[in-house]
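Colleague: Sequence:
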Amino acid sequence: MTENIEHAPVKAAVTIEDLEKLDIRVGTILKVEDLPRSKTVSVLTVDFGDHQRTILSSLREEREDPAEIEGKQALFVLNLEPRKISGVTSEGMLYDIGYADGVKPALAIPERPVPNGCRLG
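If you're matching positions, the sequence shown starts at 5 in the numbering used here and goes up one per residue.
Please note that the accuracy of each hint is not assured.
Capping the alpha-carbon separation at 30 Å, the derived lysine-lysine pairs in BS3-like fashion look like this [stated by the list, open to error]:
{"id": "1", "residue 1": "43", "residue 2": "76"}
{"id": "2", "residue 1": "88", "residue 2": "15"}
{"id": "3", "residue 1": "88", "residue 2": "76"}
{"id": "4", "residue 1": "76", "residue 2": "25"}
{"id": "5", "residue 1": "25", "residue 2": "15"}
{"id": "6", "residue 1": "35", "residue 2": "15"}
{"id": "7", "residue 1": "43", "residue 2": "108"}
{"id": "8", "residue 1": "108", "residue 2": "88"}
{"id": "9", "residue 1": "108", "residue 2": "25"}
{"id": "10", "residue 1": "108", "residue 2": "35"}
{"id": "11", "residue 1": "35", "residue 2": "88"}
{"id": "12", "residue 1": "88", "residue 2": "43"}
{"id": "13", "residue 1": "25", "residue 2": "88"}
{"id": "14", "residue 1": "35", "residue 2": "25"}
{"id": "15", "residue 1": "108", "residue 2": "15"}
{"id": "16", "residue 1": "35", "residue 2": "76"}
What the hints contain is simulated information worked out from the structure, not anything from laboratory work.
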């Protein structure tokens with residue numbers, strides 16, 4: 005069953021060169037923990053094949069049980085400027101679908117398992 009949304013207008017056009025600046029890769033979510041001193045943010049440990057990263061996400065705001073995504077592959081932006089929240093540095097961003105439209109979020113995932121670290125594109 006699909007949820008109804010109010011469709012947002014399409015954003016301004018970007019060039020292929022701008023799009024190619026984003027480093028979007030597949031990673032496996034190894035662990036999801038609560039960020040101390042935060043009611044909404046979770047700390048994800050993500051395997052990208054040749055390295056692991058810590059990525060912060062507002063999962064506790066979006067899901068009853070954030071740990072339900074442990075072991076799943078998802079898409080992440082890796083080349084965002086690091087951001088520190090409550091003393092923990094986020095080294096990327098989890099892609100999910102629906103949150104911006106007020107729909108229960110779903111992970112953006114590959115249709116079949118692929119090696120961790122595979123790039124989008």
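Colleague: Does each hint fit the structure? Answer for all of them.
Modeller: Hints, one by one, checked against the model:
For the given pair, residue 43 sits about 23 Å from residue 76 by alpha-carbon distance, which is consistent with the 30 Å threshold. Between the alpha carbons of residue 88 and residue 15 the distance comes to roughly 28 Å, so the proposed pair stays at or under 30 Å and holds. This hinted pair checks out: residue 88 and residue 76 have alpha carbons roughly 25 Å apart, not beyond 30 Å. Distance hint between residue 76 and residue 25 is fulfilled; the C-alpha atoms sit about 26 Å from each other, no more than 30 Å.
Restraint check for residue 25 and residue 15: satisfied, since their Cα atoms lie roughly 18 Å apart, inside the 30 Å limit. With a C-alpha separation of about 34 Å, the suggested pair residue 35 and residue 15 falls outside the 30 Å cut-off, and the hint is violated. Among the hinted pairs, residue 43 with residue 108 is consistent with the structure: their alpha-carbon atoms are about 18 Å apart, no more than 30 Å. The hinted pair formed by residue 108 and residue 88 meets the criterion: a straight-line CA distance of about 26 Å does not exceed 30 Å.
Under the criterion of a C-alpha separation no larger than 30 Å, the hint pairing residue 108 with residue 25 is consistent with the structure, at around 29 Å. Restraint check: the Cα-Cα separation between residue 108 and residue 35 comes to about 21 Å, which is no more than 30 Å; the hinted pair holds. For the suggested pair residue 35 and residue 88, the alpha carbons sit about 19 Å apart, so the restraint of at most 30 Å is met. For the suggested pair residue 88 and residue 43, the alpha carbons sit about 16 Å apart, so the restraint of at most 30 Å is met.
For the proposed pair residue 25 and residue 88, the alpha carbon gap of about 22 Å is at most 30 Å, so the pair holds. With a C-alpha separation of about 28 Å, the suggested pairing of residue 35 with residue 25 holds against the 30 Å cut-off. A C-alpha spacing of about 22 Å is found between residue 108 and residue 15, which places the hinted pair at or below 30 Å, so the restraint holds. Proximity of residue 35 to residue 76 is assessed by CA-CA distance (about 10 Å); at most 30 Å being required, the pair is judged to hold.
Consistency note: the structure conflicts with earlier hint 6 alone.
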